[in-house]
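Can you make the complete structure from the sequences, with help from the hints?
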Amino acid sequence: MLKNLPHPKKIINDVRNKNYVIYDNVINQRVFKEIKKFWIEYFKDYLKFKSSDLYGSTRSLGDDNYNSFKREKKIVMFRRTEFPWNTPIHKPTQRLIFELNKVRNLALDLDENHGLLFNPDLEVSFSQINNYPDKEGTMFPHKDTKKNNLLLSCMFNITSKQLDFEDGGLYLIIKNKKIDIDSLMHPRSVVFYNGNLIHGVDKIKSSKGIGRIAGYPMKQFFLSKSRIPNYVKKIVRVDNAIRRKFNLKSAVKQGNSALLKMK
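Going by this note's numbering, the sequence shown opens with residue 285, and the numbers climb by one from there.
Accuracy of the hints is not assured; some may be wrong.
What the hints assert, rightly or not - Below are the SDA-like pairs computed for lysine to any residue, each with C-alpha atoms no more than 25 Å apart in a straight line: (1) K321 / N303; (2) K461 / H426; (3) K431 / K287; (4) K357 / E420; (5) K489 / Y326; (6) K517 / P292; (7) K431 / S344; (8) K419 / S344; (9) K518 / K321; (10) K517 / S335; (11) K462 / G539; (12) K533 / I482; (13) K354 / Y339; (14) K537 / E396; (15) K545 / V522; (16) K545 / L401; (17) K431 / K533; (18) K517 / Y326; (19) K357 / E450; (20) K294 / E396; (21) K375 / D348; (22) K287 / R314; (23) K320 / D348; (24) K461 / L543; (25) K419 / E450; (26) K489 / K518; (27) K419 / D451; (28) K529 / N432; (29) K358 / I526; (30) K430 / K459; (31) K430 / Y326; (32) K320 / T371; (33) K354 / V520; (34) K332 / E420.
It should be emphasised that the hints constitute simulated quantities derived from the structure, not laboratory data. Treat the numbers as computed from the prediction; the structure is a model and nothing was measured.
Right, dumping it as structure tokens:
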């Protein structure tokens, strides 16, 4: 399913040196066409997105796949989140994301299946598809953790700038310079980047009304599966929101194994 990617060690070295690197013609053309068709159709119906738990700070082993959304001044996004123990709604997408997670694991000197199988740290690799709708989709500038060391992240666009939408899209801030990442990518490209750089999504404008859809191989520490009442989870979410607002240390472990240790 993947091709034209260099050795994983070259990927991590390129990101160390340049903060991001884009590889073209990585995804099988037939598979990519199928993935694009499925997700454009899926995001036509926003009524299926009911949960406001976009960030998932209280995810537990065994949780169900789910849809979530935020529609606020600084963020408008619809998201599909799927975990490896559940049946995916689109198997080719899950397979692609799992393969990208394996490449990232190898770049980090981890077993390629780290996060896909149980591990004592309860770190899970999972699938995330984001949709930023036409005329309103946006994401405020942010870093993925409060750490300063490199966090190896990756992403592929399902819809592409200049083909499916004209304005807006993913950007990175590097040395006070704004880099329009989406304008540098093509259909079937994959970008690896430092997720601890400030980044965001400028408001999407699409004459086709499609918007921006992107796939993310995610990694996160989960809670152990226990009978945690929903009201306790809600309290943790509120606590995390307050801590983020006042730039306080999160009660939930920050980052993941893609975060490089400081030397």
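Each hint tested on the structure:
1. K321 / N303: Since the Cα atoms of K321 and N303 sit roughly 31 Å apart, the hinted pair is violated (cutoff 25 Å).
2. K461 / H426: Holds - the C-alpha atoms of H426 and K461 are around 15 Å apart, at most 25 Å.
3. K431 / K287: violated, 32 Å
4. K357 / E420: holds, 9 Å
5. K489 / Y326: holds, 19 Å
6. K517 / P292: Violated, at roughly 37 Å.
7. K431 / S344: The hint holds at about 23 Å.
8. K419 / S344: The hint is violated at about 34 Å.
9. K518 / K321: violated, 36 Å
10. K517 / S335: holds, 14 Å
11. K462 / G539: Roughly 24 Å separates the two Cα atoms, so the pair holds.
12. K533 / I482: holds, 18 Å
13. K354 / Y339: holds, 10 Å
14. K537 / E396: Holds, at roughly 22 Å.
15. K545 / V522: Violated. K545 to V522 sits at ~29 Å, over the 25 Å cutoff.
16. K545 / L401: With a Cα-Cα distance of about 23 Å, the restraint between K545 and L401 holds, given a limit of 25 Å.
17. K431 / K533: holds, 11 Å
18. K517 / Y326: Roughly 29 Å between the alpha carbons, so the hint for K517 and Y326 is violated.
19. K357 / E450: holds, 21 Å
20. K294 / E396: This hinted pair holds, its Cα atoms lying about 16 Å apart.
21. K375 / D348: Distance ~16 Å between K375 and D348 Cα, so the pair holds.
22. K287 / R314: Roughly 13 Å separates the two Cα atoms, so the pair holds.
23. K320 / D348: holds, 24 Å
24. K461 / L543: Holds: K461 and L543 sit about 23 Å apart, inside 25 Å.
25. K419 / E450: holds, 11 Å
26. K489 / K518: violated, 34 Å
27. K419 / D451: holds, 10 Å
28. K529 / N432: Measuring from Cα to Cα gives roughly 19 Å; hence the hint holds.
29. K358 / I526: holds, 17 Å
30. K430 / K459: holds, 18 Å
31. K430 / Y326: Roughly 33 Å separates the two Cα atoms, so the pair is violated.
32. K320 / T371: Measuring from Cα to Cα gives roughly 19 Å; hence the hint holds.
33. K354 / V520: Holds, at roughly 18 Å.
34. K332 / E420: With Cα atoms ~18 Å apart, K332 and E420 stay inside 25 Å; holds.
The structure fails to meet hints 1, 3, 6, 8, 9, 15, 18, 26 and 31 from the earlier list, while all remaining hints are met.
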